[in-house]
Structure formats: C-alpha cells, structure tokens
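**Student:** Here the protein sequences line up with chains A and B, keeping their order.
Every number in my numbering is 67 more than the matching position in the first sequence, counting from 1.
Every number in my numbering is 67 more than the matching position in the second sequence, counting from 1.
Read the hints as simulated data drawn from the structure, not as lab findings.
Please read these numbers as outputs of a predicted model, since none were measured by experiment.
Treat the hints loosely; a few may be bogus.
Same chains, same label: a pair holds when it works inside one copy or across any pair of copies.
[As the list claims (entries may be wrong)] Derived DMTMM-like pairs (lysine to aspartate or glutamate); straight-line CA-CA distance at most 20 Å: (1) K125 to D171; (2) K94 to E72; (3) K70 to E175; (4) K108 to E72; (5) K70 to D114; (6) K94 to D114; (7) K108 to E97; (8) K70 to D138; (9) K88 to E165; (10) K108 to E93; (11) K104 to E152; (12) K108 to E160; (13) K94 to E109; (14) K108 to E165; (15) K125 to E72; (16) K94 to E160; (17) K94 to D138.
2 protein chains.
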Amino acid sequence: MPKPERHVLVCLNTRPPGNPKGSCGEKGSEVLFDTLKSMVKERGLGDRVMVSRTNCLKHCSRGITLAVYPDNVWYGRVEMGDLEEIYQRHLREGRPVERLQMPDIPWE
Amino acid sequence: MPKPERHVLVCLNTRPPGNPKGSCGEKGSEVLFDTLKSMVKERGLGDRVMVSRTNCLKHCSRGITLAVYPDNVWYGRVEMGDLEEIYQRHLREGRPVERLQMPDIPWE
Chain A
68 MPKPERHVLV CLNTRPPGNP KGSCGEKGSE VLFDTLKSMV KERGLGDRVM VSRTNCLKHC
128 SRGITLAVYP DNVWYGRVEM GDLEEIYQRH LREGRPVERL QMPDIPWE
Chain B
68 MPKPERHVLV CLNTRPPGNP KGSCGEKGSE VLFDTLKSMV KERGLGDRVM VSRTNCLKHC
128 SRGITLAVYP DNVWYGRVEM GDLEEIYQRH LREGRPVERL QMPDIPWE
C-alpha cells in the first residue's frame, strides 16, 4: 500500500507579523497540523490517511490552507473548530466539506 | 485557478546519520527540491505546477521520495539526474515515468 487513501497537506508557511499577505503559520497552522495528525492517528485512520506539512500553498490571505489529494479538494480559512467536520465527513466518510472549499481565485 | 495542474511533493525529512531507515534529506532532497522548483519556474510551468516540500512521506529507505498529484503517482529513489525526465515527460507532457514509480510496499 504505497499510496494513502487520502493525503492532507497543511500549509505551515510563516511570514513576519505585519506582512500584507498574512500567512497560515501566523494563523496557527502548526498547532492545527499537529492536532489533525494526532486525530488521524488516534482515531484509527493512521494507516490510510497521511497528513503532511508543506511550505506556502499560495493562498496566504485565505489561510489556513489545506489540500486533500487525490480528491483535489482545497480548503481555505480553516480553523481548529473545523477539524472535526473535515475529519468525520471528508477523511472518514469521503464527502468534502462544501462550506470550506477554496474559491476560484489566483495564486498569491 | 486555485488548483495546480500538477502538484509535486518532495520529502525533505532528515534523520541522523546512521539511522537504519535512512532519509530523503540525507540523500540530498533539499537541493533536489530547490532545483525542481527552479526548473518549473524558469521554464514556464510556474503558473500551472506547484512544488512543495513536506516532512516524511514514509518511504524512507526508497528515498528520495516524490508524489505527484492529482495523478497520484509516487516516485522512489529519485536522483538529481532524473529531474529532467520527470519535468519533460510527466510535468510537461503528462506521461508518468514508469521506471521511477514506487513499488507496492508498506509505509515505513
């Protein structure tokens, strides 16, 4: 089984405070990444779902940014309070969370 | 255009020298990542292909490990000399490089 059933990318890019773009790191993506990774492991999806930290995913002003492959579903403005829904609905049941999907905007 | 046409993940995990698993970082994945990112930008795919660095992609002994989404093609034992072929054949022409594909083995 070389390929995860789902692979979640979490942007951990951090820009200095005051940068006009903002950044996912500034919005708490390190803790969000750690939390999602723990949820996946502790609740039994650890052998099917991979959670990876990345550098900038180019949607800085709409962070925290997540991407879920191979579904190719991108989420924006993700907060800690959204993780339960992402975990249950998308990662466990395979139904993307519509309300969090990234709009069709250019890369930053 | 919120989603890249192709998204290449490069594992940059580094373990201490002598670790039995080995690691992609030890095999030069930082330079490989920088090189691939530059190729994509300088040769005109920068607005369609995203190249991201990640933590461990769980195929340590077969690193350097790359994953290409949404194709869901995983490559193992990638070396600097393979980048030209990955770039030309897969990223530009959309044909995965068979000889580099990761075998069907468990995560490490």
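**Student:** Hint by hint, note whether the structure agrees.
**Tutor:** Status of the hints after comparison with the structure:
For the identical chains of this complex, K125 and D171 are intra-copy neighbours only, at 13 Å inside a copy versus 32 Å across copies, given an alpha-carbon limit of 20 Å. In this homomeric assembly, K94 and E72 never come within 20 Å of each other (Cα to Cα): the closest approach is 28 Å inside a single copy and 27 Å across copies. Taking identical chains as interchangeable, the C-alpha atoms of K70 and E175 lie at most 20 Å apart only when they sit on different chains, with a minimum of 12 Å there against 29 Å within one chain. Taking the closest pair of Cα atoms, K108 and E72 come within 20 Å of each other only inside a single copy of the chain (14 Å); across copies the shortest separation is 30 Å, beyond that limit.
In this assembly of identical chains, K70 and D114 lie within 20 Å of each other by CA distance solely inside one copy; the values are 10 Å within and 26 Å between copies. Within a single copy, K94 and D114 get their C-alpha atoms no closer than 29 Å, and across copies no closer than 26 Å, so neither meets the 20 Å cut-off. In this assembly of identical chains, the alpha carbons of K108 and E97 lie at most 20 Å apart only when taken from the same copy (17 Å versus 27 Å across copies). Proximity of K70 to D138 under the C-alpha cut-off of 20 Å is found in both arrangements, the shortest distances being 13 Å within a copy and 11 Å between copies.
In this homomeric assembly, K88 and E165 never come within 20 Å of each other (Cα to Cα): the closest approach is 25 Å inside a single copy and 40 Å across copies. In this homomeric assembly, K108 and E93 never come within 20 Å of each other (Cα to Cα): the closest approach is 25 Å inside a single copy and 26 Å across copies. When the C-alpha separation of K104 and E152 is checked against a cutoff of 20 Å, the pair qualifies only within one copy, where the shortest distance is 15 Å, while the shortest distance between copies is 34 Å. Taking identical chains as interchangeable, the C-alpha atoms of K108 and E160 lie at most 20 Å apart only when both belong to the same chain, with a minimum of 16 Å there against 37 Å between chains.
When the C-alpha separation of K94 and E109 is checked against a cutoff of 20 Å, the pair qualifies neither within a copy, at 25 Å, nor between copies, at 31 Å. In this homomeric assembly, K108 and E165 never come within 20 Å of each other (Cα to Cα): the closest approach is 24 Å inside a single copy and 32 Å across copies. For the identical chains of this complex, K125 and E72 are inter-copy neighbours only, at 14 Å across copies versus 24 Å inside a copy, given an alpha-carbon limit of 20 Å. In this assembly of identical chains, K94 and E160 lie within 20 Å of each other by CA distance neither inside one copy nor across copies; the values are 27 Å within and 37 Å between.
For the homomeric pair K94 and D138, neither the shortest alpha-carbon distance inside one copy (25 Å) nor that between copies (30 Å) is at most 20 Å.
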